[in-house]
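2 protein chains.
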Amino acid sequence: MLKYKAPLRDMRFLIDEVFDYRAHYAGLANGGEATPETIAAILEGAAALCEEVLAPLNLPGDREGCHFSDGEVRAPAGFKEAYAQYAAGGWQGLPFPAEYGGQGLPVSVNVFKSDMMATANWSFNMYPGLSVGCINTILKFGTPAQKALYLPPLVSGAWTGTMCLTEPQCGTDLAQITTRAVPQPDGTYRITGTKMFISAGDHDLAANIIHIVLARLPDAPSGTRGISLFVVPKFLVGPDGATGARNGVMCGAIERKMGIHASPTALLNFEQAAGAMIAEPNKGLEAMFTFMNTARIGIAIQGVAHAEASFQGALPYAKERRSMRALSGKKDPEFPADALIWHPDVRRMLLTQKAIAEGGRAMIYGAAQMADKMFEAAAAGDQAAYDEFDGKLGFYTPILKGFLTELGLEAANLGMQVFGGHGYIHENGMEQIVRDARIATLYEGTTGIQALDLLGRKVLLGTRGKCVRDFTATMWRFSRRRLFAGGPIGRMARTLARRALQWNAMTTRIMLRARGDRESIGAASFDFLMYSGYVMMAHFWALQAARAAACVASGTGGESAAFYLAKIQTAEFYFERLLPRADAHRKGALASAGSVMRMDNDSFGFD
Amino acid sequence: MLKYKAPLRDMRFLIDEVFDYRAHYAGLANGGEATPETIAAILEGAAALCEEVLAPLNLPGDREGCHFSDGEVRAPAGFKEAYAQYAAGGWQGLPFPAEYGGQGLPVSVNVFKSDMMATANWSFNMYPGLSVGCINTILKFGTPAQKALYLPPLVSGAWTGTMCLTEPQCGTDLAQITTRAVPQPDGTYRITGTKMFISAGDHDLAANIIHIVLARLPDAPSGTRGISLFVVPKFLVGPDGATGARNGVMCGAIERKMGIHASPTALLNFEQAAGAMIAEPNKGLEAMFTFMNTARIGIAIQGVAHAEASFQGALPYAKERRSMRALSGKKDPEFPADALIWHPDVRRMLLTQKAIAEGGRAMIYGAAQMADKMFEAAAAGDQAAYDEFDGKLGFYTPILKGFLTELGLEAANLGMQVFGGHGYIHENGMEQIVRDARIATLYEGTTGIQALDLLGRKVLLGTRGKCVRDFTATMWRFSRRRLFAGGPIGRMARTLARRALQWNAMTTRIMLRARGDRESIGAASFDFLMYSGYVMMAHFWALQAARAAACVASGTGGESAAFYLAKIQTAEFYFERLLPRADAHRKGALASAGSVMRMDNDSFGFD
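Residue numbers (the working numbering), protein chains in the order written: chain A, 58 to 664; chain B, 58 to 664.
Heads up, some of the hints might be wrong.
[To be verified] Listed below are the simulated DSS-like cross-link pairs for lysine-lysine, each with C-alpha atoms no more than 27 Å apart in a straight line:
| hint | chain 1 | residue 1 | chain 2 | residue 2 |
| --- | --- | --- | --- | --- |
| 1 | A | Lys340 | A | Lys204 |
| 2 | B | Lys60 | B | Lys137 |
| 3 | B | Lys644 | A | Lys644 |
| 4 | A | Lys137 | A | Lys60 |
| 5 | A | Lys387 | A | Lys376 |
| 6 | A | Lys340 | B | Lys387 |
| 7 | B | Lys387 | B | Lys523 |
| 8 | B | Lys376 | B | Lys449 |
| 9 | A | Lys387 | B | Lys340 |
[Said to hold, decoys possible] Chain B side only, calculated, beta carbon under 7 Å to chain A, not exhaustive:
| hint | residue |
| --- | --- |
| 10 | Val130 |
| 11 | Phe254 |
| 12 | Ser256 |
| 13 | Gly615 |
| 14 | Ala619 |
| 15 | Glu633 |
Calculated directly from the structure, the hints in this document are not laboratory data. This structure is a prediction, so every number in the text was calculated from the model and none was measured. Even for Gly, the Cβ is constructed at its ideal location relative to N, Cα and C.
Use the sequences and the hints to build the structure in full.
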């Protein structure tokens with residue numbers, strides 16, 4: 058069975074060395090608790106939970122799957138006990154206010170924890186993961202009474218939460234929602250409708266489940282401006298917080314899926330379910346979208362997680378399994394064949410995985426500092442600061458979610474490939490990683506939706522290219538000081554400077570074209586997203602390499618010298634072998650819209 | 058449930074119009090039987106079998122899987138009856154000599170049949186598919202007595218065959234094989250050892266299973282030059298052909314796999330199993346490799362098949378499912394949202410699938426003519442002609458197998474992506490296609506092995522670049538006559554001419570570098586393979602577009618005008634949006650070997 062080892066060395070490199078989180082926390086209103094000692098304790102404690110409790114349940118959970126009978130879902134063996142341990146450890150409350158039982162830490166600390174949990178056992182991670190959106194929604198939009206009622210058990214992990222958006226006839230297009238909410242004389246509502254694809258929609262890990270539900274009031278306008286938001290508990294909650302009778306929300310089925318078998322994907326039938334409105338009438342979608350950025354970054358973590366998990370599986374196999382001799386002569390002459398890792402193409406696959414996992418982690422840990430500042434501004438009621446950081450994070454979000462989940466899937470597949478035919482066998486664990494990773498480009502907005510969000514909403518409509526100019530200015534500030542440096546850092550800086558200019562020029566061309574042809578946005582969006590991802594990841598690899606080179610140069614490497622050298626070498630690999638893919642995406646983004654639009658709908662297929 | 062419709066229009070376009078198979082068959086010694094009427098009857102008959110019998114078993118077969126108990130394997134419900142229908146229809150004998158009960162048709166006819174069977178139900182296709190290698194081996198290397206004994210029931214489909222190569226300690230590296238064959242006084246052998254990953258290694262579809270087994274004689278030299286080939290039946294066969302007692306080969310287990318659940322992957326324990334040597338002692342590997350090209354093209358078909366299946370699933374969904382409005386305004390105003398197919402990014406995904414499926418089919422149908430000529434030369438004992446066509450086919454083989462299975466997997470994933478979250482749900486059938494497609498880049502030589510075969514064996518050692526020069530000369534002959542043409546054909550011709558020069562120049566650079574650094578071959582091989590695949594597919598798309606344009610220009614389009622136009626448009630899409638990926642692969646192939654070799658083996662991971 059695959060083993061998980063938290064990549065603490067890499068995490069500390071990013072936290073302490075690349076992004077200087079100590080200084081970052083020192084400047085945050087809620088950063089005082091995030092002392093180096095606390096961070097160290099959290100990293101070590103989460104690593105132990107993930108390595109010893111969650112990772113060993115991953116393969117058995119996939120094998121067993123969830124159980125459904127008589128409207129009730131039961132998680133695979135061991136999940137309930139593991140969740141109890143998770144809740145007892147206070148892990149759910151890390152980023153939530155102390156007044157509701159949380160630890161009040163910056164949200165980035167939760168990102169570090171999620172990185173490990175996601176890699177150790179993604180299916181498990183989804184149970185508490187879905188609670189986060191629910192908690193954030195109640196925190197921001199709930200009445201004081203709602204907060205007092207729901208938040209303490211959600212923050213402690215005694216209860217979990219869900220987000221109920223999708224219906225059978227619509228997922229992306231929430232304008233088509235038909236679930237109804239009828240006001241009652243006592244000010245509550247009765248919710249009726251069918252929601253599907255509800256992750257952790259029912260299970261036996263927690264005493265209650267709090268559903269956040271999108272529904273329409275009887276007099277609501279059609280479309281997206283007629284959707285309201287409701288809190289609907291599985292078990293009714295008395296004013297004293299005690300759970301009472303079963304509410305009218307029943308699980309009708311769980312889906313049989315390609316992967317994430319240990320995470321139930323529920324069909325929920327709401328029938329006259331009692332609920333309370335949260336946020337303003339008909340403004341439910343806006344409220345829901347408030348936390349879209351953070352939810353999507355939660356899924357971006359999945360991309361990194363599955364790249365890391367697959368890399369951690371493939372690396373020891375490549376060192377142990379022996380096949381053929383190296384092209385340049387025997388490497389392990391005492392054995393009948395050389396280890397796989399000696400073969401250049403196996404190294405290419407391993408390095409691709411490593412570059413994706415560590416490059417993606419750097420992107421997420423960098424973006425997490427903006428999330429910290431966004432939440433800080435929200436807590437302080439500083440709208441201008443909030444808008445600034447929300448905007449910055451909003452530029453990262455579709456790139457992180459769209460690009461990193463696509464590359465996470467590639468990395469997961471490469472790990473299988475290193476195993477050869479043995480990768481296809483269930484017991485070896487590698488194929489599960491691919492099946493689990495596959496959902497990441499689909500839910501929480503497909504890659505195509507992320508691409509439209511990036512190019513259409515964030516770049517064109519939202520900022521007229523300013524968000525690209527801002528990010529490339531950051532790239533330029535980094536690279537201009539190193540343009541004439543020798544060695545790999547100088548080479549990377551020159552490449553980055555060229556890419557910064559190219560990214561801007563490409564964006565301008567697409568903007569000009571979009572004025573005359575709206576379809577050209579959709580035709581360019583996917584390739585624009587992928588181009589942006591490759592160039593952004595190049596920037597974050599250069600940051601890491603420059604930091605590593607500085608440590609080597611100053612002689613502070615010490616026992617980490619090999620680690621720093623590997624960072625520089627992985628960055629070089631990325632620049633030489635992966636970044637060139639950006640060119641094909643640039644050509645795709647700049648191709649005429651006709652390349653996809655000219656064919657008649659009836660001409661795609663002929664009998 | 059997904060429906061399968063044989064793409065007969067596309068197949069006929071290739072058979073009749075692009076490759077003029079009528080003239081090709083007229084020039085073949087065994088082509089006389091392949092009259093237009095016979096070909097039409099075979100296409101229609103196979104289409105009916107695939108659409109009505111095999112395709113409906115695909116999803117249920119995946120769901121049920123194979124059963125193993127008491128050393129016996131049972132196929133999923135319906136497979137036995139379907140196989141009986143397949144055998145009764147004489148489908149197994151298409152390409153085999155009439156003297157053993159076959160129809161003596163050119164092997165390309167079998168390729169057309171396999172294209173449909175592979176798409177309708179890949180797992181089913183593997184049972185009779187594995188017999189082909191067994192039959193070909195006995196045909197070429199068997200004694201007259203062995204042929205008389207084994208071939209009639211194998212050719213009729215009453216029995217099936219396997220190829221037993223892999224052992225637990227080795228797959229690719231057959232030098233490590235340890236299975237032993239001990240000669241007996243009566244001239245037979247007793248085989249003892251463990252073989253794994255044996256497709257169709259045991260099942261209940263046929264009365265007997267004939268295993269072709271690689272094993273070592275007691276005095277054999279170590280390594281690949283000490284491996285011999287044996288015929289080992291599941292049930293002993295008397296001199297009269299009657300099956301008798303159970304032989305000492307028992308199925309120990311079947312694998313639990315990511316996909317192809319309806320195809321049993323067996324662990325076979327040989328214990329003093331009676332067998333007969335076939336081919337010369339210690340020359341078993343050479344004999345086995347005789348049919349490597351055709352076996353690998355059999356798997357290349359899988360790439361096309363899963364692209365086609367996923368496209369056939371995604372297209373109707375994209376026309377039926379409605380989500381959001383088109384960027385340029387309502388397209389289906391009578392509905393609450395527009396069909397997915399109006400969205401440019403969905404069209405990009407569908408066109409990518411279509412370009413892969415139809416482009417790959419053209420590559421295979423083109424290569425099949427060389428296979429016909431190779432078999433013709435073998436039957437005539439014309440070694441020079443055999444070597445010529447074997448060499449040509451040998452250049453295509455790793456490209457078809459390696460490149461088309463990688464792209465088949467991409468296309469399968471894109472079909473899931475068109476379905477959004479619904480693609481992840483088992484009942485919708487799209488995720489099965491991805492799971493089934495995933496094995497194709499692993500077995501019959503991983504993509505990495507195909508890449509080494511192409512660059513190391515075929516291009517560098519085998520021909521010193523001549524095979525690339527020959528193929529690019531073909532590209533040049535096609536394009537030079539159209540260099541100054543207007544419209545899409547002229548654009549494609551100019552691109553092809555440039556790529557022909559580029560492919561040669563790149564090959565020369567890699568050859569020069571390989572002299573000083575053997576590892577550089579392995580470092581370049583994967584990207585060289587993918588580059589070659591993209592450029593070769595461009596050639597086959599240009600062939601199709603040129604033919605379609607000629608039909609349109611001559612006014613012979615008639616009711617096929619829309620079909621021809623779609624061909625040209627798909628070719629344009631390929632050139633504009635997919636072919637540019639070749640540039641990144643060129644950069645990868647030309648990057649220094651250091652990009653993958655410089656990292657110390659111990660520096661790939663740090664705790």
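Item to check | Restraint satisfaction for B:Phe254 [CB to CB of chain A, less than 7 Å] | outcome: holds (5 Å)
Next on the checklist: Next pair to validate is B:Lys644 with A:Lys644; report whether the Cα-Cα distance is within 27 Å.
Outcome noted: Measuring from Cα to Cα gives roughly 16 Å; hence the hint holds.
Next on the checklist: Given B:Ser256 as an interface hint, is its Cβ closer than 7 Å to any Cβ of chain A?
Outcome noted: violated (10 Å)
Next on the checklist: Given the hinted pair B:Lys376 and B:Lys449, is their Cα-Cα distance within 27 Å?
Outcome noted: With Cα atoms ~42 Å apart, B:Lys376 and B:Lys449 exceed 27 Å; violated.
Next on the checklist: Restraint: B:Gly615 near chain A, CB-CB cut 7 Å. Satisfied or not?
Outcome noted: violated (13 Å)
Next on the checklist: Given B:Ala619 as an interface hint, is its Cβ closer than 7 Å to any Cβ of chain A?
Outcome noted: holds (5 Å)
Item to check | Hint status (Cβ of B:Glu633 to nearest Cβ of chain A, threshold 7 Å) | outcome: holds (4 Å)
Checklist entry - Is the straight-line distance between the alpha-carbon of A:Lys387 and that of A:Lys376 27 Å or less? => result holds (15 Å)
Item to check | Hint validity - B:Val130 Cβ closer than 7 Å to any chain A Cβ | outcome: Interface hint status for B:Val130: violated (17 Å vs cutoff 7 Å).
Checklist entry - Are the Cα positions of B:Lys60 and B:Lys137 separated by 27 Å at most? => result holds (21 Å)
Checklist entry - CA of A:Lys340 to CA of A:Lys204, is that 27 Å or under? => result holds (19 Å)
Next on the checklist: So if I understand the rule, the pair passes when the alpha-carbon distance is 27 Å or less; does B:Lys387 with B:Lys523 pass?
Outcome noted: violated (55 Å)
The structure fails to meet hints 7, 8, 10, 12, 13 from the earlier list, while all remaining hints are met.
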